[in-house]
Each structure stands twice: as structure tokens, then as C-alpha cells.
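Let the hints inform the model, and build the full structure from the sequences given.
Each protein sequence line maps, in turn, to chains A and B.
Using my numbering, read the first sequence as starting at 59 and increasing by one per residue.
Using my numbering, read the second sequence as starting at 3 and increasing by one per residue.
Just so you know, these hints were derived from the structure itself, not from any lab.
Certain hints may be false.
Unchecked claim - Computed cross-link-like contacts, SDA-like style, restricted to lysine to any residue with a CA-CA straight-line distance of at most 25 Å:
no.	chain 1	residue 1	chain 2	residue 2
1	A	Lys236	B	Gly536
2	A	Lys236	B	Gly549
3	A	Lys236	B	Ser556
4	A	Lys236	B	Arg542
5	A	Lys361	A	Arg345
6	A	Lys361	B	Pro564
7	B	Lys451	B	Gly400
8	A	Lys361	B	Pro548
9	B	Lys581	A	Ala330
10	A	Lys361	B	Gly549
To be verified - To be clear about the criterion: a stretch of chain A counts as covered by chain B if any three or more of its residues have a C-beta under 8 Å from a C-beta of chain B, and this derived list gives those stretches:
no.	segment
11	172-184
12	277-288
A virtual CB, placed ideally from N, CA and C, is assigned to each residue, including glycine.
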Amino acid sequence: MNTRVRPRNEVVGEIRAFLEAAESLPTPQGTALRIIEMARDPDAGLEDLVRVIQTDPALTGFVLRAASAARFHNMRGTASVQHAVQRLGLNAIRSYALVLSLIVHSRRLECQAFDYDRFWVGSLHTGILTEALAVAAHHQSADDTFALGLLGNVGMLAFATAQPAEYSRVLAVARYAKTELAPLEREVFGFDHHELAAVMLVDWGLPTSTADIVYWQRDPEGGGFAPGSTPYLLASIVRLARSASNYLLDPDEADAHLANMHLRAAVIELEADILHEVVASSIDALREWTRLIGMPMPEVDAKRVAAIA
Amino acid sequence: MSEADSSPASGARPTAGAYVAVLAECSRLLGERTAAQLGALHNDLLREVQTALRETYDALRSDVFAELLRTLRQHGPVAAEAFPPHFQRVSRERLSRSVRASSASTRGAGSHGELSLLDDKVFSESLAVRTQAHVLAGPCEDELSQLLARVARMFDEDEVDEARNPLAPEAVAEALKHACWTLECSDPAREALFIHSARLLAPAMPQAYRALNEYLTERRVLPRLRPNVRRGGARPQRRPDVAAGGTADIVRRLVAPASAPQAASPFGGAQAGNASPVVLDALARLQRGEGEVELGGECFRVNPDAADTMNVLRALLDAGLARQVGALDRVVIDVVATLFDFIFDDERVPEAMKGLIGRLQLPVLRLALSDHDFFSNREHAARRLINTLAQAAATWDGEVTPRCALYRAAEPLVHRIQNAGGAELGVFVDALRRLEAFLTEQDRLADAKAAKLTTALSAREAQEIARNIAAGTVAPHVDDVTLPTLVRDLLRDWWSAVLADAALASEEGEDGDAWQDALATMDDLVWSVRPKSGGEERQRLVRMLPGLLARLRSGLDNRRMPETARDGFFAALVRHHAKAIKNDMQTPSSPTSVGPCATPAAKPEAAEHDGLDELHRGDWVELALEAGQRRAVRLSWVSPARTMFLFTNRQGARALALTRGELARRFERGEALLIDDEPLMDRLVADVLEAYRPQPTGAMP
Chain A
59 MNTRVRPRNE VVGEIRAFLE AAESLPTPQG TALRIIEMAR DPDAGLEDLV RVIQTDPALT
119 GFVLRAASAA RFHNMRGTAS VQHAVQRLGL NAIRSYALVL SLIVHSRRLE CQAFDYDRFW
179 VGSLHTGILT EALAVAAHHQ SADDTFALGL LGNVGMLAFA TAQPAEYSRV LAVARYAKTE
239 LAPLEREVFG FDHHELAAVM LVDWGLPTST ADIVYWQRDP EGGGFAPGST PYLLASIVRL
299 ARSASNYLLD PDEADAHLAN MHLRAAVIEL EADILHEVVA SSIDALREWT RLIGMPMPEV
359 DAKRVAAIA
Chain B
3 MSEADSSPAS GARPTAGAYV AVLAECSRLL GERTAAQLGA LHNDLLREVQ TALRETYDAL
63 RSDVFAELLR TLRQHGPVAA EAFPPHFQRV SRERLSRSVR ASSASTRGAG SHGELSLLDD
123 KVFSESLAVR TQAHVLAGPC EDELSQLLAR VARMFDEDEV DEARNPLAPE AVAEALKHAC
183 WTLECSDPAR EALFIHSARL LAPAMPQAYR ALNEYLTERR VLPRLRPNVR RGGARPQRRP
243 DVAAGGTADI VRRLVAPASA PQAASPFGGA QAGNASPVVL DALARLQRGE GEVELGGECF
303 RVNPDAADTM NVLRALLDAG LARQVGALDR VVIDVVATLF DFIFDDERVP EAMKGLIGRL
363 QLPVLRLALS DHDFFSNREH AARRLINTLA QAAATWDGEV TPRCALYRAA EPLVHRIQNA
423 GGAELGVFVD ALRRLEAFLT EQDRLADAKA AKLTTALSAR EAQEIARNIA AGTVAPHVDD
483 VTLPTLVRDL LRDWWSAVLA DAALASEEGE DGDAWQDALA TMDDLVWSVR PKSGGEERQR
543 LVRMLPGLLA RLRSGLDNRR MPETARDGFF AALVRHHAKA IKNDMQTPSS PTSVGPCATP
603 AAKPEAAEHD GLDELHRGDW VELALEAGQR RAVRLSWVSP ARTMFLFTNR QGARALALTR
663 GELARRFERG EALLIDDEPL MDRLVADVLE AYRPQPTGAM P
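If you want it as C-alpha cells, here you go:
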């Protein structure tokens, strides 16, 4: 672990206290909760998992769509939930269930400054891009790259749920002052949404390695990862994916996001034309995913896509 | 004498004394050679005197020539026999005078400026000797220039005054005069012998001096001296400053006897004194174009058409004009004649202008005879007129011909002076006024031409300064090998230009916002590619990048960097940024971070002392052209920072702008020469009067 940043175990206690004191939290319910429990049960079999998924039509569609995503492009398409579960693996299925559960049960947030739809569309887009960029960068070892992007900012959702008024002020200040969000969060809550997300993901049963990547996406070089290691590259890819998503969906900070995109692409040694191709393809994928989960598809400026090359 | 004797010191510069033996040998050689020549010319001399006797209509002159002829037939070539010892003595005296002068100079005590009271006889003899020395020196200018340089070398001096040269034609003339005076006859006959002997001897002098030079060459005295070295150079050296009033003092002493009773001239003729109206009238008639006038029973002829090509005054003196005037006026005539000798010899004055000035010989002489203020007053209208004519011609762009504007403006003025006939100063004053008006108009045109260019040149200078400042500002980074070549190249090839533009963008220059922004962008760029340590530096880079890239792109676009090159730069730059942020991962134990370069921006180097700060507006400079021609141009404008110099020609039709560096290089290579601005007449009058400074007591027998 990089010693120049605050050790995570110093803040974990504060985070747990925060979570325990919170009146409301984004909590997996129903199908997602059962899948999380099954993942912890060593006796649970594949058939049990398929059966649970098939009880939830939304999750069934989600899983089938994910199984036909970019990283499986050299496999035949699948119409079977069983084949999809086998292809995606338990970790990914758990992440999808989590996301769907959170989307469904968090729609009535009281945090005024928090744009719920923008958050989930952005998260989806980041997940799509993370997965596609990992393929483009020839790093397919992780089977949950989609989830990495998808859940990377769940800490923000947690703040918005647990402290909606306070977090609304934090968001408003950051937006007004055009300053970074994380330092303000640390100032107000004692920790930021990256730290919060990492703790929550572990609590939800995701591997610690996944939580580490989510946490260090903000500064991949600071995580103590070995150069060229998979965690480092994945953290860099998540960071790149988030910058690319923000670039397309955030009209105000386009230049900053574009600069970061190219920087991160250079870090993972991804050529600009491939980056452009991946980002351009992500728009159609996002359109499918938003339709699948019933979210509005935002307008995307084609000129901005073209400017990436 | 051995070669070792004449090269006494290896490595050290030889002293004057070391060459005494060589000089003495030279003196012996010249004396014997001249004596032999005089002996060989004896029969020619007899024939010449016979011819003169036949042709003269003057009874007195006829008696003189008859007496001379009789004496020569009776005693033979007496002068030839007497010449060697006299020359040895004269030569020794000059040599010892040199040693004394050198010692006096070393001690700093000068008797040089102390003038003895003038003696009319001394002056007359001095005048005669100088006149014949002039005759002897005439055919051998090149040989004498080499000889003088070698004598200076032997004296261990940069240059030697003719008066101290023991081998000078004047020494020969002086010895010849003494030799002629050994003849047992009247002084006029001796004088005639002296004049005719010198004239016969003159054609043989070049060979005599060549032999001396060959002798000195063999003795390793400036053996590589080029044959075309001229005495004093093509451009006369500036005369050493004479103490204020020094020249005036000489003039005062020169003219002093004018008010005193004058002794009879040893050469005969009228009593000395102010020129008589008769003489002035005769000169006026010659001036107006009468080809022949009678004066004192003698007939003087002047070809009116020859005045612009020959020294009319010298011809009149040779024809006997000196006998018709007093001693002082004789000196005045000789001085004015010498002045015009100098003018005719001056290479700076174009031939056509010499012709115009030459037509002023008689008017100037008449003025000088009646108004001695001519010599002492630098503001005298006649002097200023000649100065202005000479300076205008020397600085005229192109050949001065009768068709050029300057000549066409000046010729009518000279014509009016010639026809005026009187000695009135007013006609000179009027001519000067008209000429100056013409030149002022020329200057106005030149200034107008220059004014059209100065705005553009000022802008160019500002650009040059901005470029220098910008180059100095980026230089520390360009030279920093720890920076990526990509960045160093960009700073050198493009960002220095962006900085230069920024410096010019506002009157505040380096204090302006544009400069500060461009400078900050450069500093950010340099910092951005340096290895980053810690999350804060990485975050700072991430935050900085959008603005940095935008500012870089804007600046490079304004400088019209080709799109391909620009995109290539940014594509490569991002890889350096990626490398920079991975620093901690790659070499955590050996930080290579180099702090932002704090080296202050270098200012453009101050121009080394090149002497150009001494140049002033209005100064004239002669520039060498590619075709080998030279052009006189006037400095019309100097830029505020003195890095640009604008020259125009006299007519204002041409303009030439040179940077300081280029002008300095031209001066260094001799392709540019500052034209001596000392007025021609001031220099010549001073030189001539200096030459007439009486020698210290004992210098003449």
C-alpha cells in the first residue's frame, strides 16, 4: 500500500460507524439479497442460482445481455440463462443483481442535488466502457470488469441515501466552485465516496481485490500495485472509462475529461484510434442497456466522439 | 654590414639606435648615387642653361644665366662634387634630430611647439628647398612611401614626419642647395643652378629610392612591405590634435612680418609686404579668363581651361611670380598652392569636383593675399565653401560628373566667383549659402525617405528584441538534458516564437498578461513532463492538463504550427505525461524528480563594445558594394535600442537598413569606413601650416 496516502484501515472504522448510524442505505433486496447469500453458501449450486435469477425478469434480461457483451465476442451468442451464468461467473451475476436492486429500490432519493438518472446512466456507461477497454487493452483476466465500472461510484449513492441533505450541499458546493468532490466529502464526512464504496462492496461480498481497484481508480499509481499488474491496469482502465463516460455525458468539463482520457489511454498504451472506436461503440451499447433497465438515454454529441481520435 | 647587424634583436622590436649604421649606409649610398647622377647630368645642365639664356627676354635674368653658364664651364660639375659631404651632414642632422625628438617625446617635454621668430632669409631658403624637394619627390611617390615606412620601422615608430627622415627628398634638396652655393658666383646664379639641377635630377630619383628600398629589404627591414603602400594611406590620418590656438599661433607668426619692414629677398624681386593692387589686379584678370598678363615687366600666362586640372599657382610661382611680391606674400602664395596640391592629391575628392575647386585657385589666392583671416578662421566662407564642395562630392552616391545634380548646382556658383573678379568675400558667402540650401534640400529628401522606413524598422527591432528575450527565456530549458527532447525542441522551435509574440502583444512587454501566460504555460509544460511523486503531484497534473493543453494548442495554432506536427507533438506529449505519473511505480527508491527550472530567463546579450555607440545621426559611412564599388551613405536614423541603423544616400533615393551585428561585421572587415568628417580645408590648412613650422635653431646652416 502506498504510504503517502491515508491507510484505508484508518477510515474503515469511521465508515462502518457511518453505515451503522445511517437511517437509510442503498441495500440489496429481494433477488439480489438471495444471490449475495447464495454466493456465501458453499453448498449452493449453479441450478439454484439459475432458478433464483429466472424469478426476476429484469435480472434475467440483464444477465443475458451481459453474456453477449464484448468480452465474449468470439463465442456464440447465448439464449440460455444457464449458459449465461456459466459464462459470466458468480461474481458478475452478484454485481448485476446488486445494481438492479439498487436501481429499483433507490429511485425515491431525497438528495436534491443528486441526479439519480445521470448517476445510473453514467455507471452503466462506465461499466460498458470498462469491459470494452479491457478487451481492447488485451486484459480479460478479470471476469467482472463490467461490475467494476458499474459499482465504482456506489459510494456517492450511499452518501446521497444516508445523508441526503448534507450531501446535497456538498454536491452543490463542488458544482458551484468547480472543485473536486472527494476532498469536500473528506472534509464533511471524514472519508470520500471511493473509500465508502470499497467498504460497502466488501460488505456485499465482493472480493477485496475488486474493492481495491474501485478504491484506487482515483489514483491508480498510488495504490501500491506493481507496474503492469492486472489490478493496476484495471484501476487505470476504470479511471479511463469513467473519464470517457464523463466526457460524453458531462457538457461542462469536456476538455478536462478528454485530457484525462488521453493520459490514461497512454498509461495503458492504448492508441487514440482504438480508444475512439471503443467509445463510439459504447453509445449503442448504452442505448440498449438504458432501454433494458428503463432509464432515459441521454443525448450524445457526435462531434465530441469524433474529437477523441 | 652583416644581416645580423641590421636585425639586432630577435623577438624584441629593434630600437632606433640599432639601425643607425643601416641609416648611415643608406645615406652614403644615396649621396654617392645622387652625386654621380649630377655629374652625369652636367652636359645636360649646360644645354638647359644655354636654352634659358636664349629664351629669356628679361635682361636681369639673362645676366644670371650668362654668369651661371660661364661659371659652370670654368669650374665643371662643382655641385656634384660638393654634394656627398653636404648630404651626409644634412642626413646626420636629421637623424640626430630624430633621436632628440624621440627623447623629448619620451620625457614629455616638448620644444616642438616652441617657435623661433621668423627670419625672412630663412623662410625664403626654406621655401626654395621645399619647392625643389617637391620637384624631386614628384616622380617617386610609391618608392618614398615604402622608404618612409621602413625608416619609421627603424625609428621604432608608427610613422615618421618627413622633416625627420634623413633620406627624404627634402634632405637631398637641402644638400643640393648647399652644394650649389659652393659655386663662386652670385646668389641668383646659384639659385638658377639649384632649380635646374633639381629638375634634371628628378627623373632619376625613383631609381635611387628603389635601390635604397632593395638595400633595406635585404637587411630585413620590412621585407614584405607591399609596393603599393602609400604614405599616410589613401585616407590621410587624422592630424594629431593641435592645442587650441596652436594653428592660429603659427598663422600669427607666419603673418607677423607683414606689418614689419621687410628685408630684401635673397632671391631678388619686390619688397615683401601685402600684395599690391597691381598684383591683385593682374590675378583678377587671369581669373576672369585673360590668358596673359604683364606684371613687373614679366609676362605670365595661364591657360583658362587648365585651371581645373593643374596647379595654376604652382605654375605662376615657377614662372617667377614670387619675384613680383614680398616675402610674406610669396609664402602665402606657396601655402595656397600647396593647399591646392593637397586637394588635387586627395583621393576622397572626385576628379570632377577637383576640377570645380581648382577653378577657385586664383579667387582663393586673391582672397588669402588680401585677407589673412582665411588661414586662421575655420568659419571663413571660402574655406567652408571648399569644405562643403569636397564633402558633398565625397558623399555623393554615384559618380560625380558634369551631368550630376551636385555638379550642376555647384558649377554656376564657381562660375560667378570666377567672374566676380574682385576680392569681395560676399561672393563666396553667397555661393556658400546657395550650396548649403541645395544640400539641405537633399538632406530633407533623404530624411523623408528614411522617415517612411523607420516605423517598419522600429517594429522589426522590437521583433528582434522580443526574439532575443524569448530565446534567452527558453534557453535554460532547451539546454536541460533531463527534459524530453520533444519538449526542448518545441520550446526552441515554436514556443520561443509564441513568447516573442506575447512580448510584442502589449506595451507592457514582459509585464504584460500575454507574456506571463505564455511563460506560465512553458513552466507548466516543463513541470508536467518531469517525474511525479505522490498523489498530490499526479492530481495536480491531471487538473493542470486541460488548461495546459488548451494553452499550448492555442499558442501553436497562432504560430501556424503545421497540423501534422502539432498532433504528433501532443500524441507524444501524452506519453511523456503517462511516463511522468508512473514515476513512483518504476523507480520508487531513486527519485529522479528535478524541480522546476528556476534559472532566470536570460536577457539578450548586450552588444559587445563595437564602437557603434559612437555613431551619430548625420555621420557619413562608406560602404563596400559587391561589385567592388564603394558608396557613401549618411546615418539617417538609429532605432531606439540602437540595434538597427538606417542609412540613406545623399540624394535620398536609396536607403539601407543594417542590423547592429551586420554593421559591426562590416566595420570589422573593412567593408564600412567612417568618413572623416574633419573639413577638408581645416585639415589641409593645418597640415600645410604645420609643414611651414620653422625648424629649431641650427636646423638650417
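- Message: Against the 25 Å threshold, does the CA-CA distance of A/Lys236 and B/Ser556 hold or violate the hint?
- Response: Within the cut-off at roughly 23 Å; holds.
- Going straight from one Cα to the other, do A/Lys361 and B/Gly549 come out at no more than 25 Å? Within the cut-off at roughly 20 Å; holds.
- Message: Check whether the Cα positions of A/Lys361 and A/Arg345 lie no farther apart than 25 Å.
- Response: Between A/Lys361 and A/Arg345 the Cα gap is close to 18 Å, so the pair holds against 25 Å.
- CA of A/Lys236 to CA of B/Gly536, is that 25 Å or under? Holds, at roughly 23 Å.
- Within a Cα-Cα threshold of 25 Å, do A/Lys236 and B/Gly549 meet the stated pairing? holds (14 Å)
- Given pair status - B/Gly400, B/Lys451, alpha carbons within 25 Å: holds (18 Å)
- Message: Hinted pair, alpha-carbon criterion (25 Å max): A/Lys361, B/Pro548. Please report holds or violated.
- Response: holds (18 Å)
- If you draw a straight line from the CA of A/Lys236 to the CA of B/Arg542, is it 25 Å or shorter? holds (15 Å)
- Message: Can you confirm whether chain B covers the segment 172-184 of chain A, using C-beta to C-beta distances below 8 Å and requiring at least three such residues?
- Response: violated (count 0)
- Message: Can you confirm whether chain B covers the segment 277-288 of chain A, using C-beta to C-beta distances below 8 Å and requiring at least three such residues?
- Response: It holds, with 6 qualifying residues against the three required.
- Message: Given the hinted pair A/Lys361 and B/Pro564, is their Cα-Cα distance within 25 Å?
- Response: holds (22 Å)
- Starting from B/Lys581, check that the Cα of A/Ala330 is at most 25 Å away, please. holds (17 Å)
Taken one by one, the earlier hints fail for this structure only at number 11.
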